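Assembling the complex is the task here: the two chains are given apart, and the hints tell you how they should meet.
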Amino acid sequence: MDSDLSPQDKKDLDKFIKFFALKTVQVIVQARLGEKICTRSSSSPTGSDWFNLAIKDIPEVTHEAKKALAGQLPGIGRSMCVEISLKTSEGDSMELETWCLEMNEKCDKDIKVSYTVYNRLSLLLKSLLAITRVTPAYKLSRKQGHDYVILYRIYFGEVQLTGLGEGFQTVRVGVVGTPVGTITLSCAYRTNLAFMSTRQFERTAPIMGIIIDHFVERPFGNMGHMHPCNYRAPAEEEGGYTGVEDSQEVCTTSFSTSPPSQCVSALSTAHLKSLKPAVMDTLKVPVMSLGFSHQLYCSRLSYQPPVLVGAADFCHPSTLNAANPHQMGIPGKEGGVPQQVPVQPCHAAQAEHARASSCLPNDHVPAVPSGSGEDAEASSRSTDGKSVSPRDVMETTFTRKVGAFVNKPGTQVTTASLDLPFAAFAPRAYDIEENDPMVQPPESPATSSPLQGSLHSQGSGESGVPAQDDFVMVDFKPAFSKDDLLPMDLGTFYREFQNPPQLASLTIDVSSQSMAEDLDSLPEKLAVYEKNIDEFDAFVDTLQ
Amino acid sequence: MNCRSEVLEVSVEGRQVDEAMLALVHTILLHRSTGKFHYKKEGTYSIGTVGTQDIDCDFIDFSFVRVSSDELDRVIRKAVGEFKDAMGNGTDGMGQISLEFYQKKKSRWPFSDECIPWEVWSIKVNVVNLANEQERQICREKVGEKLGEKVINIVEVINRHEYLPKMPTQSEVDNVFDTSLKDVQPYLYKITFQITDTLGTSVSTTMRRLIKDTLAL
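The listed protein sequences derive, respectively, from chains A and B. Quick note on numbering: the first sequence equals residues 1 to 544 in the working numbering. Quick note on numbering: the second sequence equals residues 1 to 217 in the working numbering.
Same shape as in the complex, but just chain B (with noise of 0.2 Å):
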């Protein structure tokens, strides 16, 4: 099975780093979220329901809907902060975090489990610093629009209706879904960032990643 990856590229000024990437990253768990499954006698199960909620963007001529899940809100928000506390305040940079949606797939002993990505997200960030207010404000619209277009992006790539993992059964539930949230049950991710200094090296998580990832196997 191939994996599906998809790049998304925006321009941000630094203090709306946060908000572009809640809003990418919101919007595609929206659509990579389920309801909490309840399984039932004779294999079968009921799905629970997904709220949503409007958020409007501070530092953004925008608005985007989430799922109303403050447990979900708040994972997602510590993984940006962290993103943005590596990219530091007031510099420009580069960075990148990528949304990987995968499965679980049990191995025998020694080995651990093997995590099959099926859906990968990479949002690029160029953060730029701004001279004076005008330009904040053109930039604050402009990234509005951009997202927008994000949005639309990310929309006609999920209606692609492309591969998604079979709704488990009970036992194998954990391999495919994120069962630890209270109220909705998006597909298993992670999220992992890279970043790039302005010199254009790569000072990544992900070279540390790709030989832990080798080791292990």
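Isolated chain A (complex conformation) (with noise of 0.2 Å):
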């Protein structure tokens, strides 16, 4: 079949079928990045836009593309996919669609290699362009921030579509017929959106186990100050972060089983406000969010990139052939046959992908507040003699049991199972280990906030907790305040408002009145309202 094919015609498809790779890949990408893309018309042919279409190249994306390809072009049996998925912030994960570039065997010979199979290689991104919008994932792509990010991946092969769930939808894009091959451009896409919650569910109780296998894979050497936090040693300095790694950095010593001091001056308030912009930073750019992808995935195939669309070098015309222009016809024939193809590098050689170390901590921040609450409880088994940690942020009445990450793996279960405040009024099921000699704490209403389960009071025995049997409040210690340090804090405010004056209407005396007076009124009220009644009827009438 390829003897058919004359070298310049096969050597010019190769070149369109590689460039149209490329090209794909970027649309695709590019359309999940969250952003609406705009790009300008020119009249003038500049001659680095393949297909005669201004797409923009981010190097990164083409670099990848290209390390995922190796030299090699889809063909048959050989499929470029571009696997699309979405990751939560508490570090779920789900595939939403794939894009698969792939060649079959039907072949049309007498189709022109330089004209029409470009000219539809154009159409068939013209229409990957329109059906990017419409999968769901589009929907998604453009939401994500705070709450989940879209990843990507590149991979060359066989299709894999089983990570798509039950009951995935398939759309073709297009066809091209080519005399080597018939390419194919088709989307897998996911419909059961639902599978994610439980998922999350599912994984609440390992959850830090989740974390450590997750990192164990890492093989990014740099990475070793973003690793997760059990694996930090204690109290270790590391300065001249940004808000982020400082925040990871504080969250980290918190989750270390080191002495209490050190633990729990970790624990204070700046740290967590410093959470919330931790949060924001690592989450709020879709770009950052494809760099926090690359970390997560780097232990799979292939890379996610940090996207960089604002700092990316779009579109080089690289060194071209100026003298030709992008597509040179002979009009009248059925094809023009452009006189030269334009080479077109289309490599900004990037080194290395950036790595974006910032965007890690996204999976460090939501077990933030679990882990911080283990190490308060780390040490709050050597608190047998100690009095309250200076620095606690929440005298809650009660604390943790064992310490996070200790060897007593059964123990880690959720935040909310552990930290029964009123445990003392629980089943004694709950205390699984026996031999802590801490103070069952009393019971508050379920923690569905981890930061809440996970700050505690050490030595809660002293602090004026009640015994078990009788019920006697000493010393009232809401959650989250803090007596000794402003005038005015969260337990003065309940006391003063805990026990509201009875509303007016609602006392006996009060009302009896009124309800005489109300009743000895109506009639007066009533001739009132038959007097204005052309009123009302009118005013009805403008509602209709």
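Hints are computed from structural coordinates only; laboratory data are not their basis. A portion of the hints provided could be inaccurate.
[Said to hold, decoys possible] The list that follows gives simulated cross-link-like pairs (lysine to aspartate or glutamate, DMTMM-like), each with its CA atoms no further than 25 Å apart:
1. Lys36(A) <-> Glu172(B)
2. Lys40(B) <-> Asp12(A)
3. Lys84(B) <-> Asp54(B)
4. Lys36(A) <-> Asp58(B)
5. Lys18(A) <-> Asp147(A)
6. Lys143(A) <-> Asp56(B)
7. Lys146(B) <-> Glu42(B)
8. Lys109(A) <-> Asp12(A)
9. Lys139(A) <-> Asp18(B)
10. Lys139(A) <-> Glu141(B)
11. Lys143(A) <-> Glu149(B)
12. Lys150(B) <-> Glu35(A)
13. Lys139(A) <-> Glu9(B)
14. Lys143(A) <-> Glu172(B)
15. Lys41(B) <-> Asp9(A)
16. Lys78(B) <-> Glu42(B)
17. Lys146(B) <-> Glu35(A)
18. Lys166(B) <-> Glu114(B)
19. Lys112(A) <-> Glu172(B)
20. Lys166(B) <-> Glu156(B)
21. Lys142(B) <-> Glu35(A)
22. Lys142(B) <-> Glu166(A)
23. Lys109(A) <-> Glu156(B)
24. Lys18(A) <-> Glu156(B)
[To be verified] So the derived label-pair ranges between C-beta atoms look like this:
25. Lys106(A) <-> Ala131(B): 47 to 57 Å
26. Asp541(A) <-> Arg136(B): 20 to 30 Å
27. Pro136(A) <-> Ser112(B): 45 to 55 Å
28. Gly157(A) <-> Ser112(B): 30 to 40 Å
29. Asp147(A) <-> Ser171(B): 53 to 63 Å
30. Gly43(B) <-> Ser44(A): 15 to 25 Å
31. Gly163(A) <-> Glu82(B): 40 to 50 Å
32. Asn126(B) <-> Asp147(A): 30 to 40 Å
Since we're looking at a predicted model, the values are computed, not measured. Where a beta carbon is used, it is the ideal one built from N, C-alpha and C, also for glycine.
Written out as structure tokens, the structure reads:
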């Protein structure tokens, strides 16, 4: 079959297929960045726009696409796939769609490579632009940010659709016949998006385990400082970080099993305050989130490099044959024959992916609250004789039982289940560690917020926790309060407003009086209303 | 040569008519526009670059891609606006926008040039009125999904790679392409519409056009 194709045509065709593959990847990835794309039309050909379409080239994406292709071209049995997935801030991920560029054996020998195939590939790219806005992942990608990010992965070889769940749909973008085979571009997309919420619940218990597994595979040595909190040495100081890393720094400290003073000092309000900006910083930009994805996916086949939309050098003209614009045709014939195919290096050589180090803490941030709690809890093990740590944020009258990541994996249950503030009144079955010397705390409502559950006092036995049987509150210390810091704190607020005065209308005396008065005034009121009945009718008419 | 004819049907609320029509017409035109041709010596030509732009709809949960050409957008908006005005505001009704791609065939005097359509897209619109905001919200999403299906239909038809006019010589380019725009060059097209009132009778510009065409011949 190839013998029918002239060498020049074969060369042209290979080039077309190669750049078509690269442009396909660009279109798909750019459509999932979460931003509206806008490129300008130009009446004069610049020579750098393949297929007569203004599609910018994000260098990292091109680089990774070339890496995935590894010098090969999509061919029969060798498909190029772009997988789009979603990853939540809690670490759950889900494949959303897979775009496949495939080739089958059906050849169109008579087709003109240099013109017809080229134009049809251009048409196919336009169709891809249209279809990428139509699949469900587009809307999701436009809303990515705090709660989740969209990731991509390029791979070459066999198409893998198992991650799309049951009932996935397929849409064919288009086909282009060539003398060596028919190029097909299609998309398989997930329809069952409810999958994720169930997974989140299932994963609640071993969440620490997942984080451990997650980062074990990470090959990047320079990510050492970004390792999960449980790997960090205690009280390790690392300066010069951004806000994100600072908070992670703090939270890593809090995850350790270091002595209480060091741990609890990390659990300052300042730390908690810094958490929020950290979350914002890491999750605010789709670009960064793609970078973040890079970290996580490095353990998988390919990359997700940070896509620096703003920073990337789009549309590198590179060294082109300026003399020859993109497409030269001899009109009148069925296909004009381009006199020269543009030579387009197209590769703004990036030596390495930018490793957006600030992206990683996404995974850490959600873990922080529970981790911090466990850290404080770790300290609680040695607080038999110690008083309440001076920097306790929350002087709830309860304490954790075992430390995080201590050699008791069985106790690594969720914060909520361990931190039963009123565990004293809970069945003893919860007291897994019978040898824990700490006093059982009084129960508070089940904590949905891990933050709340994680902050606790030490040595609560001394701080006026009531004995289990006599529920006598010696000193009311509500959650999140710090008695010693502010004149008007939460505790004072509670006390003041705990017993609001009765509403006047609800007191018996007043109500009985007003009732009588009301009854007396009724006839008068009715008379007034009847007098104004015309007005009311007119009003009702205007409403219709 | 047979003219290829495709029909798309959508049901929309009154205020969604504009955007729904724009979305579909622009999607079709995206595929039926090329860069500007620049003819050179020896009968060769180069083609300009077509840029694209994402457009979000305000009344429909939908985004579409159109050619980056303000001029073209203005022309299409004007036509769609006329269609919407003809449909009337706030009333139920049915209408149809036709986007017809044609070639001109020069005739000798006294006959005027012949317009030979090679592809006609008919977008049938059914306008409904909704009673409350909740229904409108549901309609917003449903129409968005429907438009997505229509875009897939359009792409499917276009990628059958059926008849397209041959690339013209410089002297004939105006018979195939609309060269009036500065930045892009769509195939010659015309947009017509007809309105069906609620009684189902056809009050149409089409009838008048048919008569006119017949007389012209």
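Results of checking the hints against the structure:
no. : hint                                : verdict
1   : Lys36(A) <-> Glu172(B)              : violated, 37 Å
2   : Lys40(B) <-> Asp12(A)               : holds, 22 Å
3   : Lys84(B) <-> Asp54(B)               : holds, 23 Å
4   : Lys36(A) <-> Asp58(B)               : holds, 14 Å
5   : Lys18(A) <-> Asp147(A)              : violated, 36 Å
6   : Lys143(A) <-> Asp56(B)              : holds, 13 Å
7   : Lys146(B) <-> Glu42(B)              : violated, 48 Å
8   : Lys109(A) <-> Asp12(A)              : holds, 15 Å
9   : Lys139(A) <-> Asp18(B)              : holds, 21 Å
10  : Lys139(A) <-> Glu141(B)             : holds, 12 Å
11  : Lys143(A) <-> Glu149(B)             : holds, 22 Å
12  : Lys150(B) <-> Glu35(A)              : holds, 23 Å
13  : Lys139(A) <-> Glu9(B)               : holds, 23 Å
14  : Lys143(A) <-> Glu172(B)             : violated, 48 Å
15  : Lys41(B) <-> Asp9(A)                : holds, 24 Å
16  : Lys78(B) <-> Glu42(B)               : violated, 40 Å
17  : Lys146(B) <-> Glu35(A)              : holds, 23 Å
18  : Lys166(B) <-> Glu114(B)             : holds, 17 Å
19  : Lys112(A) <-> Glu172(B)             : holds, 22 Å
20  : Lys166(B) <-> Glu156(B)             : holds, 21 Å
21  : Lys142(B) <-> Glu35(A)              : holds, 23 Å
22  : Lys142(B) <-> Glu166(A)             : holds, 23 Å
23  : Lys109(A) <-> Glu156(B)             : holds, 23 Å
24  : Lys18(A) <-> Glu156(B)              : holds, 24 Å
25  : Lys106(A) <-> Ala131(B): 47 to 57 Å : holds, 53 Å
26  : Asp541(A) <-> Arg136(B): 20 to 30 Å : holds, 26 Å
27  : Pro136(A) <-> Ser112(B): 45 to 55 Å : holds, 50 Å
28  : Gly157(A) <-> Ser112(B): 30 to 40 Å : violated, 59 Å
29  : Asp147(A) <-> Ser171(B): 53 to 63 Å : holds, 59 Å
30  : Gly43(B) <-> Ser44(A): 15 to 25 Å   : holds, 19 Å
31  : Gly163(A) <-> Glu82(B): 40 to 50 Å  : holds, 48 Å
32  : Asn126(B) <-> Asp147(A): 30 to 40 Å : holds, 37 Å
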